[in-house]
Amino acid sequence: MYKGPEQESLDQRKPYLKPDLTRVDLRPEEAVLGNCKMSGVSGPSSGGNCSPAGPCFTQGS
Amino acid sequence: MAERLAISELESFDGRAVRECIRIAGISTAIVCQDPGMKWEVSEATAKFLVNATDPDVEVRVAFADLTETASGDRVFDSGALWQLYRQEERCVFRFVSPVFGPVPYKIARFASDFTSGDVYLHPRCSPRGQPAYPLEYPLDELLMINLLARGRGAEVHAAGIIDRGGNGHLFLGQSGAGKTTMARLWQNEEGVQILSDDRVILRNQGQSVRIYGTPWHGEGRLASPACAPLKRIYFLRHGSHNRVIPQRAAEAVARLCACSFLPFFNSEGIDFTLAFFEEVVSSIPCYELSFLPDQSVVAMLKKREVE
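Going line by line, the protein sequences match chains Z and L. Sequential numbering from 1 applies to the first sequence in my numbering. Sequential numbering from 1 applies to the second sequence in my numbering.
I should point out that these hints are in silico values taken from the structure, not numbers from a laboratory. None of these values were measured; they are calculated from a predicted model. Each statement offered as a hint is correct.
Among the chain L residues that face chain Z by a calculated CB cut under 7 Å, a handful are:
id, residue
1, Ser79
2, Ala81
3, Leu82
4, Pro139
5, Glu142
6, Gln175
7, Glu252
8, Ala255
9, Arg256
10, Phe262
Cβ pair distances, simulated, as ranges:
id, chain 1, residue 1, chain 2, residue 2, range
11, Z, Thr22, L, Lys304, 25 to 35 Å
12, L, Lys48, Z, Tyr16, 49 to 59 Å
13, L, Arg244, Z, Leu26, 17 to 27 Å
14, L, Gly80, Z, Pro5, 51 to 61 Å
15, L, Arg165, Z, Arg27, 28 to 38 Å
16, Z, Arg13, L, Val51, 48 to 58 Å
17, Z, Val24, L, Ser283, 10 to 20 Å
18, L, Lys304, Z, Pro19, 30 to 40 Å
19, Z, Pro5, L, Asp295, 50 to 60 Å
Backbone N, C-alpha and C define an ideal beta-carbon position, used for all residues, glycine too.
Make a model of the complete structure from these sequences and hints.
Below, the structure written as structure tokens:
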């Protein structure tokens with residue numbers, strides 16, 4: 001049976017998949033580079049290796 | 001007021017100019033100071049990124065200044081902790097405040113709107129003259145970089161990066177505690193493998209390929225290299241009871257990239273660029289969730305997948 005272009009187009013459509021929502025966690029304090037990386041609290045000299053005179057490094061990985 | 005110091009005032013210092021240049025992800029930043037009281041010290045990791053560049057992409061001039069508590073300009077963004085961003089005419093001004101020093105900023109950085117030039121003022125009470133200091137100390141170095149990248153250049157992500165023996169780049173993304181340093185260390189002794197970073201990697205789209213670059217901003221493993229490589233695979237790290245690789249759909253991959261990125265949330269054009277950039281990245285680079293055991297078995301599994 002002949003199918004017109006519209007019917008063929010309908011046949012080729014992807015099957016319907018119900019939308020699903022995936023939650024992705026964001027850690028704002030990490031994302032905005034707001035906190036001391038070493039101690040996890042604000043400010044240089046507030047702990048760990050952090051000071052205005054030297055860089056610190058990230059806690060955990 | 002301190003923030004209103006003119007650039008020309010910096011040129012009035014009599015001391016010899018000190019100039020260092022750092023190149024990260026192909027972007028070179030010259031740091032210039034004419035104050036003889038300024039004594040610089042860079043970390044071992046940052047020293048790997050020092051270069052001789054006569055024509056830097058960015059020039060930052062540094063001086064001491066008695067900074068004041070009063071901020072001028074419109075407040076654009078508050079990080080909730082170390083820094084706040086203000087707009088003064090066309091300039092972006094970062095004020096860095098620490099509870100250690102009270103309400104007076106220990107540093108102020110002022111940049112042109114395109115971030116290719118700027119001034120950094122250090123408060124001498126917090127960074128005493130003659131004592132070693134690094135003017136672009138965290139988080140200023142990364143704030144500068146993410147703003148430059150968001151202007152059409154790329155993105156900085158929270159990830160470990162490696163170059164395999166075939167010269168291909170592999171990215172292992174995750175927030176703090178996800179296992180980036182663990183993963184980098186597992187690859188560290190593999191023959192022919194180079195570790196770009198165990199904490200921060202930069203992605204740039206160059207020509208027909210996406211490349212990843214190491215940064216000086218390492219994690220606990222202190223692994224940092226200025227090398228780069230074309231990106232072949234992206235893995236989102238997850239602790240697991242066994243090693244498992246699950247392909248990620250594009251939308252989920254973009255969302256997870258965003259969640260592991262350092263974005264200028266105060267710049268809508270920059271966010272638009274980054275989202276489009278990530279869409280481009282995931283359309284050409286296979287993305288997976290990687291659950292793994294913290295031992296060599298995960299390296300063996302990934303190497304086996306590469307040869308199959």
